[in-house]
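**Student:** When you get a sec, could you build the whole thing from the sequences and use the hints?
According to this note's numbering, the stretch in the sequence shown is residues 1 to 129, in order.
It is worth saying that the hints were derived from the structure and are not from the lab.
There could be a bad hint or two in this list.
Claimed, not checked - Cβ-Cβ distance ranges computed for the label pairs, FRET-style:
hint: 1; residue 1: 73; residue 2: 115; range: 40 to 50 Å
hint: 2; residue 1: 70; residue 2: 42; range: 30 to 40 Å
hint: 3; residue 1: 39; residue 2: 113; range: 24 to 34 Å
hint: 4; residue 1: 50; residue 2: 117; range: 37 to 47 Å
As the list claims (entries may be wrong) - The list that follows gives simulated cross-link-like pairs (lysine-lysine, BS3-like), each with its CA atoms no further than 27 Å apart:
hint: 5; residue 1: 95; residue 2: 11
hint: 6; residue 1: 82; residue 2: 22
hint: 7; residue 1: 100; residue 2: 48
hint: 8; residue 1: 48; residue 2: 95
hint: 9; residue 1: 22; residue 2: 73
hint: 10; residue 1: 108; residue 2: 45
hint: 11; residue 1: 108; residue 2: 10
hint: 12; residue 1: 82; residue 2: 108
hint: 13; residue 1: 11; residue 2: 100
hint: 14; residue 1: 10; residue 2: 45
hint: 15; residue 1: 73; residue 2: 108
hint: 16; residue 1: 10; residue 2: 95
hint: 17; residue 1: 22; residue 2: 10
hint: 18; residue 1: 100; residue 2: 73
hint: 19; residue 1: 100; residue 2: 56
Cβ coordinates follow ideal geometry from the N, Cα and C atoms, glycine included.
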Amino acid sequence: MSGLKLFEGKKVRTTWSEAEEKWYFVVEDVVAVLTDSNDPKQYIKRMKQRDEELAKGWVQIVPTLAVETAGGKQRMSCADLKGIFRIIQSIPSPKAEPFKRWLAQVAKERLDQLQNPEQSIECKKCFKY
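**Tutor:** So this is what it looks like as structure tokens:
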């Protein structure tokens, strides 16, 4: 199963992993959307040169998967949400900043809940199940 997601009117190709039961996103598409780069492959190459830790872990977070394209299925570099969030952290772009701020806020809230479990209980009361 494959699909397209739209972000600011731009397409991000996706593919579903039945084995892992999660979505993967084409890294090149995400980088193109968040950087407005005309050559996202070169941008990714430079990004990995700037961020040595990202480069070291690249093969673990960016598998090559079959993705449906206009020319048929092609193997492309993809990442799940965790991997995409890690990649976004390495993008010095104004378009990436809202994601970075959101991730920081979610992380802060989660750490607050771990330090004070009563906050988790209070938070659960806000949601209807």
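**Student:** Evaluate each hint against the coordinates.
**Tutor:** Against the structure, the hints:
| no. | hint | result |
| --- | --- | --- |
| 1 | 73 - 115: 40 to 50 Å | holds (47 Å) |
| 2 | 70 - 42: 30 to 40 Å | violated (22 Å) |
| 3 | 39 - 113: 24 to 34 Å | violated (42 Å) |
| 4 | 50 - 117: 37 to 47 Å | holds (39 Å) |
| 5 | 95 - 11 | holds (15 Å) |
| 6 | 82 - 22 | holds (11 Å) |
| 7 | 100 - 48 | holds (18 Å) |
| 8 | 48 - 95 | holds (19 Å) |
| 9 | 22 - 73 | holds (19 Å) |
| 10 | 108 - 45 | violated (31 Å) |
| 11 | 108 - 10 | violated (30 Å) |
| 12 | 82 - 108 | holds (17 Å) |
| 13 | 11 - 100 | holds (21 Å) |
| 14 | 10 - 45 | holds (22 Å) |
| 15 | 73 - 108 | violated (40 Å) |
| 16 | 10 - 95 | holds (13 Å) |
| 17 | 22 - 10 | holds (22 Å) |
| 18 | 100 - 73 | violated (32 Å) |
| 19 | 100 - 56 | holds (21 Å) |
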